[in-house]
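Engineer: Using the sequences provided together with the hints, build the complete structure.
Residue numbering for the sequence shown is 3 to 624, as defined by this note's numbering.
Hints are computed from structural coordinates only; laboratory data are not their basis. Keep in mind that this is a model prediction, so the values were computed, not measured. Please note: incorrect hints may appear among the correct ones.
Restraint-style ranges between C-beta atoms, simulated for each label pair [unchecked claim]:
(1) Q145 - T567: 46 to 54 Å
(2) D213 - Q145: 39 to 47 Å
(3) A163 - R437: 26 to 34 Å
(4) P39 - R437: 54 to 62 Å
(5) R437 - T578: 21 to 29 Å
(6) H379 - G219: 21 to 29 Å
(7) D112 - A92: 52 to 60 Å
(8) E204 - T417: 39 to 47 Å
Using N, Cα and C, we set each Cβ at its ideal position, and we do this for glycine too.
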Amino acid sequence: MTAGGRPAGGDLAEGVFTGPERWGWEFVEPPGLVAHPESGSPPVWAEPYFPELAELENRRALRLSGPQNVGVVFAILACGLLTVGLIVAAVLAVLFLAVTLGTRPARQHDRARQRAVEERQRRWAAHQQRVAAWQRMLQEDRQAQLRRAATADTWYPLALASGPARIDVVGGTGDGWAGLLTTFGGPVLAAGQALLVVDMTEQAVALELADLAARRGIPVAHVPFPAGALRTDLGAESGPGDLAESLAGALATLRPPGTDTDLHAVDVSLIRTVARRLDAPLTYGRLAAGLAVLLRLYEPRADGSGPLAPHEVALLTEAVDSVGRGERRQNELHYVQEQLASLAGDCLDADSLDADTLAADTPAGSPSAEVRDRPVHAWWRPGRLTVLATEGPGPRRKDLADRILFFRLLHALRTRAFPPGTGTLVVAGADHLGREALEALDRQARAAGVRLVLLLEHLREGALHVAGGSGSATVFMRMGNGEEAKAAAEFIGREHSFTVNQLTRQVGETLTTGRGGSYGEQIGESFTRTTGGGPGQGSAHASGTSLSRSWQETVNSSAATSTTTGETTSRLYEFTVEPTRLQALPVTGLVLVEAAPDGRRVVFGDCNPAISRIPRVSPSPR
Numbered sequence: 003m004t005a006g007g008r009p010a011g012g013d014l015a016e017g018v019f020t021g022p023e024r025w026g027w028e029f030v031e032p033p034g035l036v037a038h039p040e041s042g043s044p045p046v047w048a049e050p051y052f053p054e055l056a057e058l059e060n061r062r063a064l065r066l067s068g069p070q071n072v073g074v075v076f077a078i079l080a081c082g083l084l085t086v087g088l089i090v091a092a093v094l095a096v097l098f099l100a101v102t103l104g105t106r107p108a109r110q111h112d113r114a115r116q117r118a119v120e121e122r123q124r125r126w127a128a129h130q131q132r133v134a135a136w137q138r139m140l141q142e143d144r145q146a147q148l149r150r151a152a153t154a155d156t157w158y159p160l161a162l163a164s165g166p167a168r169i170d171v172v173g174g175t176g177d178g179w180a181g182l183l184t185t186f187g188g189p190v191l192a193a194g195q196a197l198l199v200v201d202m203t204e205q206a207v208a209l210e211l212a213d214l215a216a217r218r219g220i221p222v223a224h225v226p227f228p229a230g231a232l233r234t235d236l237g238a239e240s241g242p243g244d245l246a247e248s249l250a251g252a253l254a255t256l257r258p259p260g261t262d263t264d265l266h267a268v269d270v271s272l273i274r275t276v277a278r279r280l281d282a283p284l285t286y287g288r289l290a291a292g293l294a295v296l297l298r299l300y301e302p303r304a305d306g307s308g309p310l311a312p313h314e315v316a317l318l319t320e321a322v323d324s325v326g327r328g329e330r331r332q333n334e335l336h337y338v339q340e341q342l343a344s345l346a347g348d349c350l351d352a353d354s355l356d357a358d359t360l361a362a363d364t365p366a367g368s369p370s371a372e373v374r375d376r377p378v379h380a381w382w383r384p385g386r387l388t389v390l391a392t393e394g395p396g397p398r399r400k401d402l403a404d405r406i407l408f409f410r411l412l413h414a415l416r417t418r419a420f421p422p423g424t425g426t427l428v429v430a431g432a433d434h435l436g437r438e439a440l441e442a443l444d445r446q447a448r449a450a451g452v453r454l455v456l457l458l459e460h461l462r463e464g465a466l467h468v469a470g471g472s473g474s475a476t477v478f479m480r481m482g483n484g485e486e487a488k489a490a491a492e493f494i495g496r497e498h499s500f501t502v503n504q505l506t507r508q509v510g511e512t513l514t515t516g517r518g519g520s521y522g523e524q525i526g527e528s529f530t531r532t533t534g535g536g537p538g539q540g541s542a543h544a545s546g547t548s549l550s551r552s553w554q555e556t557v558n559s560s561a562a563t564s565t566t567t568g569e570t571t572s573r574l575y576e577f578t579v580e581p582t583r584l585q586a587l588p589v590t591g592l593v594l595v596e597a598a599p600d601g602r603r604v605v606f607g608d609c610n611p612a613i614s615r616i617p618r619v620s621p622s623p624r
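Structural biologist: As C-alpha cells, this is what we get:
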C-alpha cells in the first residue's frame, strides 16, 4: 500500500489481472440480525405439585379444630350425666381426647412439607439453569451472526450472465472509462485474449490499463493515428478497389446528410485510379501526391526526388484525361486531395525515403519505432493490448483521422482479419460518426465473431437508436445532461406500484319534524221499558243520553347522522432509476442493464479498479 492508502502499482495489477471477467463490483449490504428460532420460546416455570403433601393437607382440613374438640368433650360429659353417669362420661371424654391426639398428622405433614420445599428449590435451580442456557444460546447466536456479518463479502463481481456480443457504455467521463477499461480488460488479457482499443477521446482512456499490463509483463502496443500510420503500406492490407471504397466511405461521412450520393462513386474512382498506378508502399502521403499529379499540382524537388517515382508520375499523367475535366469532378478531386494531404500533414516528404533509409534513421527501441503502425492483422494478438489513439493538431484533422481509422477497422472486420472468438474490440468516443456507421460496425463485428464494446459519451439521437440492440447489454455511467439522463431513465424502464391517491370522507345529517292533531265527538241515546205481571201490574220507563268529545295533538322530531369514508388505489408507473440518480453517480459508478436468462436485470455497481484490493471482495459473482 502507498502512503495515501491506495493500492501500490504491483498490488493493484495483481488484483486487476486476477479473477474472472467482470465489469465492476456490486455492493451488497450484509444481512441483518435474524432472531433465533427459539427466541420466542423461553423456558417456562411450572409450579410443582406434591400429591403426598396435598393429601395430608386435605386430611388436616377434615380434622376438628381445638374449640371443636372441647365442644365434643363437653357434649360427651353432658350426655353421659343424663344417661350413664358422670364416671362413664369422663372415661369416654378421656378416650376421645386420647384418640384425637394420637392420630394427629402434624409431624408427618411437617416432614412432607420440608421435602416439598427442598424439591421445589431443586427444580427452581434447574429452571434457572435452563433460562441461563437459553439466554446464552441467544447471545452466542447473535455474536455468531455479528462475526459473520463483519467478515462477509460485501463486493461481488458484476458479470454479464447473457454473454452479449456487444456492450454499450453510455455516459461517463474519461476517468470513469479508464476505470471501466482497467477493470474489464485485466481479466480479458490475463485469459490470453486479444484486446484492441480504438481511442478517439484524446483522454488516454487506456493508459492505466496499459501501465498495469506492462507491470504484469503483458505486451502493449500503442499507435498514435495518423502519426504512427503515415508510412503504413495500405496496399498490403487491401487491393486498390477495397482501399478506395474504405477511404471514400470515410470521406462520405464528412458530408451532410442528403448530399449527392454519386460523389461517393466519384471518390472511389479517383482513389482507385491513383492506387492502381502506384508501387508499394501505398501510403496516405503518396496517395495525396498522386491526386496532386491528376490536378497538375505535383512538383518534385529540384533534384527530381519526391514522394513519387518518375515512372509513377508518368503513369498518372497519362491518366489525367481519364478522370474527367468536368467542374464537378475537378472540385471533388480537389476535395479528396486536400483531405488526404491534411491527414498526411508534414510527412509527405518522408514518403520519398525508402525502407532501408527509414530503418537506418530509426534506431531500434526509439519512441518512433515503438509507435510505428502495423498491418491490421497484427493489431490482433492473443494476450496483447493494442491501443490505436487518434490525434490531430486541429479538430478538422482529428475528425478526419477518426473516420479514416474507423473505416479501416470496418474493412478489417469485413475481410475477417481478426480470428473469431479470440478477443474484444473497444471503440471509445465514436458518437460523432453517426448511427449508420455504428450499426455497420456492429453488423460486421457480429459477422466476424468479434465482441464489440462501444463507449458513447452522449445519449443523443444516433446513440439512442444504437444502444440496447438485440443481443447486447448496456452500461450507464454518470449522465451530466438532464435530457440525456431522462432518456437513459426511459431506456432502463419503469416499475409499477399500487399507491393510494385519493381519500374521501362524507358526513351527512338529516333532521325531520312533524305535528298532527285530531278531534272527535260521539252522542248516544238509550231507552229502557220494563213491564211486570202479577196481581199488581206495573211498568217502568228509563231513557238516557250520552255525549263524548276527544281531542288529540301529536308532535314528533328525528335526527340522523351518516359518515362515509373511501380510499382509491391506482397503479402508478415510476422510473426504475430516477434521472437525478443517474446524474449523481460517482465517477466510476454504473448501472448495468441486460436481458439475463432469468429476466431483465438492472444492477448498480462500481468499476473502480482499487476495489479489487480491498477486504471483503468476493472472487465470484453473487
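Engineer: Output the numbers, in ascending order, of every earlier hint that fails for this structure.
Structural biologist: Of the numbered hints, 7 and 8 do not hold.
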